[in-house]
Amino acid sequence: MTNHSTLGIWRRAALALVRLYPRQFRRRFGLEIHRTVREAGSDDLTILADAAGVLARAWTDHFANTLSHLRPSRHREAIMGTLIHDLRFAVRNLLRRPGFAFLATGTLALGIGTHAALFSVVDGVLLTPLDLPRSQDLVIARMQVQGEFRNLTGPNLVDLLRETGDVFASAGGFWEGGVTIAAPDGTREQRLAAGATPGVFDALGVPLQLGRPWGPEAVGTGSVAAVVITDAFWRSRFGADSSVVGSTVVLNGNPVEITGVLPRGFEFPLREEADLVFPPVIDIAAVPRAGLGAFTLLARLQPGVSIERAQDEVRRVWEALRAQYPGDLRDNAIAVMGLQDYMVRNVRPALLALLGATSLLLLLAIANVANLMLAQGIRRGTEMSIRSSLGASRGRLVRQFTVESAVLAGFAGLAGILLATGSLAVLGSVAPPEMPAISEARLSLRALGFAVALAMACALLVGLVPAVRASHANLSGALRSGARATAGRKLLGLEASLVVAQIAVAVVLVIGAGLLIRSFSRLSNVNPGYRTEGVLTAEIIVQRQFYPDRASLATFFDRLEREVVKLPGVRRVGTTYRAPFSTGELSVPVRLADTEQMTLEDAPRAEIGIVSDGYLQALEIPVLQGRNFTYQDRQDSPRVVLVSETLARSLYGDEDPVGRRVAPVLGPWESATNWAEIVGVVGDIRLESLDAPAAGTLYLPSRQLTQNYATLMVQTAGDPAQLTTSLRDAMLRIEPRMVDPTIQTLASLRAESLARPRFNTLLLGAFSVLALTLAVVGIYGLLSYSVARRRLELGVRSAFGANPGTLLRLILTQGMKLTGLGLLIGLGGALFMSRALSALLFGITPADPTTYAGTLAGVAAIALVGCMVPGLRAARGNAVEALRSE
Amino acid sequence: MYQILEQPGGRVPRHIRMTPVFFHILLALVEGPRHGYGLLQEIDQRAHGRVNLGPSSLYWALSRLESSGLIVEADGPPGGQDDERRRYWGLTDQGIDRLRTELAALSDVLEHARSHDLLPDPDPKR
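These protein sequences, in sequence, are chains U and Z. Quick note on numbering: the working numbering labels position 400 of the first sequence as 400, and the sequence is numbered without any gaps. Convert by adding 1000 to the 1-based position in the second sequence; the result is the number in the working numbering.
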């Protein structure tokens, strides 16, 4: 007997597989198999393949037997036997044609995978209800000014809450705030917090997982008296310690009691996740009704009340308020919408567009595979004929084909699921942080089920038509003249239409991507009107308790700028109250001293900037007329302002604005009498984003309107990132009690502002590449099979004198005719659909001729390459061989 | 010419589809029981390498044929010359009936093919 240790590697591998056979079979035949493996044949891969094949078959049968014992029926053996046979036959057939199998499976997997990935995102954002009890009854109300959402002011909120008891079971207001928390290591951090009136907790209907909300005694005490923390903050800061209730945290310098912990997975619908929720610190009804608001109304509908009825009622109350306070509310409207709709309002159109694109891609993929299977069906006409003659019914043949495409779709479905998981991971890593819907999406069960259902549907779609067609094949016709002849010249009909459709869709997507790419390129290179390289920004927040008045704050900021500019590597320093690329616009009406009769309705609006005299120099914003702010423009000096170019033109046309007087309306209209002299005109800048046009801006000197927060702009000689540590150290040295400053280069802020357009471009770019690949594979596949089917005809032509060039031209003409038709249809489609992209474009129109021309030429060229290979094959074909093979 | 063995009673055999491998195994057992390795050699010789059969798939086929009642485990050949550790297999009544049926169907196909000039007639004088 051969010693096991002297066995070759293949036999040993085969014997290892034998150990994995089902137990019953192994017990019965294991010994014999061992013996025979040692004795038989040669030590090569075939013996291992043999063992592997039996492993698969043994387990398939084992499962089939197990299943069959669960459902006894008279025909069970026949059905199971046939099904297993069909499955085996299908797998064998696919393995015999690995090229086709790979192409078909890969194509379907691409379509199914991308669709499942997108569907997971859509499922998580749009279809999954919020994790709140009866979330469909929760609504939001906000003010609308010229179509833009704005916050409500305190008095408006209070009145709405009081008057809408008929439709709202419970309601409250919430707003976004920031608090300074002392971290365990003694540094101060700025954290995002949500303010809320007590009614909000009732409306949300969400019991806290620990403790209780703060009571009415904590409201309006002048400072934050108590706080509720979120689950995420509880876990990260307090290690989920249940003794946190009743403990204190130092907030804005004061110890504050933590009264409770919010449930897991709950967050307020703010821009980012808040860590804490605090009560109102002042009487919110006592602030001016007009002006800047902070509040969003959140309410739960009364049982049986529809959202439409709530909308009508809220509008009625609002109209009554407008009638009562016309000067304050003017023509502002009120908007009421479901909470979930409100939270997804920015993302919904983009998601639906993406879902539409992936559906299109899936259709392309199905079209491709259908094409390939149709061609296969023709090739296998002879096989079908013989099987039919041996007794196989048409139904049987159709079933066989359908099982084959089901197996294909099954593998594609599995591969698609893997692809979806991978795609979500990749999407998550490139998605901008403000799109948590995408960056945190996971493959959902529903998307999984959908992918499986898709795969089954694909199986039917791509399998049935070729199956029915192939089973039609006439026996004697096929046997006598060969299936190749029956295919003939026609590339019209189904196959060709599918290819044309694919090319058209690819054109639409490539044009879309091209537009976005050109737009993004322009956006990245736009000149914002100020210097973005070599500038460091630092957020400064100091607590008011250490600086009780404006004068002390002004002195602090002066000292800060003086010390920072002395640091090695620092050229210039300035401060502003609104850093570039940050949100939170401050747009107010402006009264003009020259125009006595001006009313609030007529008043022009301007963005407000509050800057130090170093700001313009630090960012190299030019002073076009007049002068910059100076040290003389202080708290006790006459009021002065600077205007941007655009504002100067809109207020005074071509006249010189320097010396004129204006008053920004920061409160009620009547109070805006603090006239300020325009001392200079400065260059326009794009402050909030690169794609928004420069807004007319009114600059006020920071020394005349000092706040306890600002952003320092530091122009550096070398790489600004190198100065981060020394800047932070210097700032904390000057004021150790300040909040730990967030320091970033302006260049990185600029790059972050491009995150969303970059993402859109990448996404559409990826889609268009996929679509183009599918289209080219489609046309290549179609022409290849056409050439294969027409081998006899081409051989005859060659025998009658056609040179290779003629044959090549024949195939190319065929292919390019289809391409041309596809380009035409795609062009029309693109012109129509690119209008949907216009909101995302910058510096380029949706009908940009260069993009269109480039795309058409590019797609045509790539399609030509796809036609070349089969064309060359036709040209190189040997006439004698073609004829002999018949 | 061949030995037919009794099918042990009890289990109802299940019908299986006749594949080339099964067919050749049944054919090889016509002359009497053989063991596994012997079957491999016989089939390889008879089919001139056209039947793909390895040690594992052979026993898989034997297990299927046994559960279908077409073959059964048997004693060694008369004379007991061979290794007594080996297991031998032989045809049952059902096995020989099935073999006959398959051969008859094959014969029909060959006749059909000849009538369409796809195969040369073995006896041109017919």
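Keep in mind the hints are simulated off the structure, nothing from the lab. There could be a bad hint or two in this list.
Some chain Z residues judged to face chain U by a derived CB distance under 8 Å, without partners named [claimed, not checked]: (1) Gly1036; (2) Tyr1037; (3) Gly1054; (4) Ser1057; (5) Tyr1059; (6) Trp1060; (7) Arg1087; (8) Leu1110; (9) Arg1114.
Ideal Cβ positions, reconstructed from N, Cα and C, are used throughout, including at glycine.
Okay, the hints, checked on the actual structure:
{"no.": "1", "hint": "Gly1036", "result": "holds (5 Å)"}
{"no.": "2", "hint": "Tyr1037", "result": "holds (5 Å)"}
{"no.": "3", "hint": "Gly1054", "result": "holds (3 Å)"}
{"no.": "4", "hint": "Ser1057", "result": "holds (5 Å)"}
{"no.": "5", "hint": "Tyr1059", "result": "holds (4 Å)"}
{"no.": "6", "hint": "Trp1060", "result": "holds (5 Å)"}
{"no.": "7", "hint": "Arg1087", "result": "holds (6 Å)"}
{"no.": "8", "hint": "Leu1110", "result": "violated (12 Å)"}
{"no.": "9", "hint": "Arg1114", "result": "violated (14 Å)"}
The structure fails hints 8, 9 (numbered hints given earlier, in ascending order).
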